[in-house]
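The hints should help you fit chain C onto chain Y, whose structure is shown.
There are 2 protein chains.
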Amino acid sequence: MIICRTIADLKEKLHTLRSGGKSVGFVPTMGYLHEGHASLLRKARERDDVVVLSIFVNPMQFGPGEDLDRYPRNEERDLALAESCGCDLVFLPVQEEMYPSRPLTSVKISGLTERLCGASRPGHFDGVGLVVGKLFNLVSPTRAYFGMKDAQQVAVIKTMTADLNFDVEIVTGEIVREPDGLALSSRNVYLSPVQREQAVVLSRSLREAKEMCMKPGMTSGGLIKAVREAINGAQDAVIDYVELLLYPSLEPVPEDQPLNELRETFIVALAVKFGTTRLIDNALFDHTGGESACSEQ
Amino acid sequence: MIICRTIADLKEKLHTLRSGGKSVGFVPTMGYLHEGHASLLRKARERDDVVVLSIFVNPMQFGPGEDLDRYPRNEERDLALAESCGCDLVFLPVQEEMYPSRPLTSVKISGLTERLCGASRPGHFDGVGLVVGKLFNLVSPTRAYFGMKDAQQVAVIKTMTADLNFDVEIVTGEIVREPDGLALSSRNVYLSPVQREQAVVLSRSLREAKEMCMKPGMTSGGLIKAVREAINGAQDAVIDYVELLLYPSLEPVPEDQPLNELRETFIVALAVKFGTTRLIDNALFDHTGGESACSEQ
Numbered sequence: 002m003i004i005c006r007t008i009a010d011l012k013e014k015l016h017t018l019r020s021g022g023k024s025v026g027f028v029p030t031m032g033y034l035h036e037g038h039a040s041l042l043r044k045a046r047e048r049d050d051v052v053v054l055s056i057f058v059n060p061m062q063f064g065p066g067e068d069l070d071r072y073p074r075n076e077e078r079d080l081a082l083a084e085s086c087g088c089d090l091v092f093l094p095v096q097e098e099m100y101p102s103r104p105l106t107s108v109k110i111s112g113l114t115e116r117l118c119g120a121s122r123p124g125h126f127d128g129v130g131l132v133v134g135k136l137f138n139l140v141s142p143t144r145a146y147f148g149m150k151d152a153q154q155v156a157v158i159k160t161m162t163a164d165l166n167f168d169v170e171i172v173t174g175e176i177v178r179e180p181d182g183l184a185l186s187s188r189n190v191y192l193s194p195v196q197r198e199q200a201v202v203l204s205r206s207l208r209e210a211k212e213m214c215m216k217p218g219m220t221s222g223g224l225i226k227a228v229r230e231a232i233n234g235a236q237d238a239v240i241d242y243v244e245l246l247l248y249p250s251l252e253p254v255p256e257d258q259p260l261n262e263l264r265e266t267f268i269v270a271l272a273v274k275f276g277t278t279r280l281i282d283n284a285l286f287d288h289t290g291g292e293s294a295c296s297e298q
Numbered sequence: 002m003i004i005c006r007t008i009a010d011l012k013e014k015l016h017t018l019r020s021g022g023k024s025v026g027f028v029p030t031m032g033y034l035h036e037g038h039a040s041l042l043r044k045a046r047e048r049d050d051v052v053v054l055s056i057f058v059n060p061m062q063f064g065p066g067e068d069l070d071r072y073p074r075n076e077e078r079d080l081a082l083a084e085s086c087g088c089d090l091v092f093l094p095v096q097e098e099m100y101p102s103r104p105l106t107s108v109k110i111s112g113l114t115e116r117l118c119g120a121s122r123p124g125h126f127d128g129v130g131l132v133v134g135k136l137f138n139l140v141s142p143t144r145a146y147f148g149m150k151d152a153q154q155v156a157v158i159k160t161m162t163a164d165l166n167f168d169v170e171i172v173t174g175e176i177v178r179e180p181d182g183l184a185l186s187s188r189n190v191y192l193s194p195v196q197r198e199q200a201v202v203l204s205r206s207l208r209e210a211k212e213m214c215m216k217p218g219m220t221s222g223g224l225i226k227a228v229r230e231a232i233n234g235a236q237d238a239v240i241d242y243v244e245l246l247l248y249p250s251l252e253p254v255p256e257d258q259p260l261n262e263l264r265e266t267f268i269v270a271l272a273v274k275f276g277t278t279r280l281i282d283n284a285l286f287d288h289t290g291g292e293s294a295c296s297e298q
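Those protein sequences? They're chains Y and C, same order as listed. Just so we're aligned: 146 in my numbering is position 145 of the first sequence, and the numbers increase by one with no gaps anywhere. Just so we're aligned: 55 in my numbering is position 54 of the second sequence, and the numbers increase by one with no gaps anywhere.
Just chain Y, same shape as in the assembly (with noise of 0.2 angstroms):
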């Protein structure tokens, strides 16, 4: 497995590895890597000639008073989990060389960043944008591997990759959960014991809510309703929010829509947090097929 520090020496190799006309699968990650990388880096590696994972807490994703400068890392650990899925190339640039300078450039994605983490979290998806629009340039991939976790950020890199034509097909991987649960998140390492056994309830609401949603007369704000008492019924959960959205366009949907009713798909996603850490988790809903409805995606 070969790893790069430099953009000069990720360029080189690159090109001698796709030489021949060689797919490329891209998996971009901010590294502490779990099982959800993993089965991105997997799928990557059947469909794709050449695997490519880039390890790069990005600042410019993160706002003042964020987790910036605690933010998980191991990086020999990573790196051999990303041997055993059988990487062929780790991008694991220093700051300085991805941002030599501030830079002047953002890329705003508009109407699909105002709610949900993008209104909690602002210039969030602006910093997503820049450095997805810089790896994209820098390893042009022929595919490249979402974790359906950020389903937000999947809905935004999609809507970015399709406006500003980058030639890369985006691919999503499924949530990946531990054995209760719990979506996995480098983030879960901040959780105390109790904290760890409390934010069960994020999925657990999620699952609860994929049985309330066609009882007859099961409205959005109803199911809504339902999942933030489900959540508050944990001690120290403090909601950042509950939504139910339709995606990917993450149009709102009125409160007294009765759900059986509705032929879109739509996503549940909350944010909660404990102490200082804040999760994420979602569901979604595919109504489109008629029978199929509230199926697990």
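Read the hints as simulated data drawn from the structure, not as lab findings. Hints should not be assumed to be uniformly reliable.
Given that identical chains are not distinguished, each listed pair holds provided it fits within a single copy or across any two copies.
[Said to hold, decoys possible] Derived DSSO-like pairs (lysine-lysine); straight-line CA-CA distance at most 27 angstroms:
hint, residue 1, residue 2
1, K109, K159
2, K159, K12
3, K44, K14
4, K23, K12
Predicted, not measured: the structure shown is a model, and the values here were computed from it.
Structure of chain C alone, referenced to chain Y:
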């Protein structure tokens, strides 16, 4: 010469043309080509294996009330000129091909776009950034060629290219002028005979600025005042802006700055309206070399 009107056709034809690792030189334009565009095509022909021209009147870089609807077009003449310059492929998309739906993504370049045409035409450079980003991704050029008449555009595109790590070398071409000095522009066609005669004041005022700039005691403010007075000597000229800025940073220069003490390259840029027609011109002053101060770029 190949003519492509769809993205799919462009990609297919380009794939064949560039096979074997040929370099691609790209000249993006809004058509109604003149000798300035031709000089860029010939420059590309000298340096690159494959020369690609795009002609697309990009609606996203026009503001409300600007001349989008009456922007001059002459496809037949453009194609003949492109062919005579040795162009290999012309990309001529319709609007629906470039913008199948209203784009949610915008590319903003801050700092550089807050003065000159960026101030006079709000949103103009967001539209330029978006379409150039799209075209770079569609054409993947080795080099892209831009004329220095749009000096601010060159600064903006160089910054965007570096910030987003586009793997494209930006090559600039000098301003091409009519025998009397008027900078070539597709918009010159709008001028009435009287306006056309008066429009020579733009280039003449810049030539006079070149002569005056090293006079002992000449300040930034003094030079701007002299240029404004020269332009106002033309009866129908209405000044939009006359500015003296560092180039390419476009940072301001204090009004009382003695120019013969300035050890940086600066630009005098102007925009002047004749009736509804807005013309721009500029001159670069290279003060980095000591003796070569105020020499033509």
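Hint by hint, here is what the structure shows:
Within a single copy, K109 and K159 get their C-alpha atoms as close as 13 angstroms, and across copies as close as 19 angstroms, so both meet the 27 angstroms cut-off. In the homo-oligomer, the alpha carbons of K159 and K12 lie at most 27 angstroms apart both inside one protomer (25 angstroms) and across protomers (20 angstroms), since each shortest distance falls under that limit. With identical chains, the CA atoms of K44 and K14 are at most 27 angstroms apart within one copy only, with a shortest distance of 22 angstroms there and 31 angstroms across copies. For a Cα distance limit of 27 angstroms, the shortest separation of K23 from K12 qualifies both inside one copy, at 15 angstroms, and across copies, at 17 angstroms.
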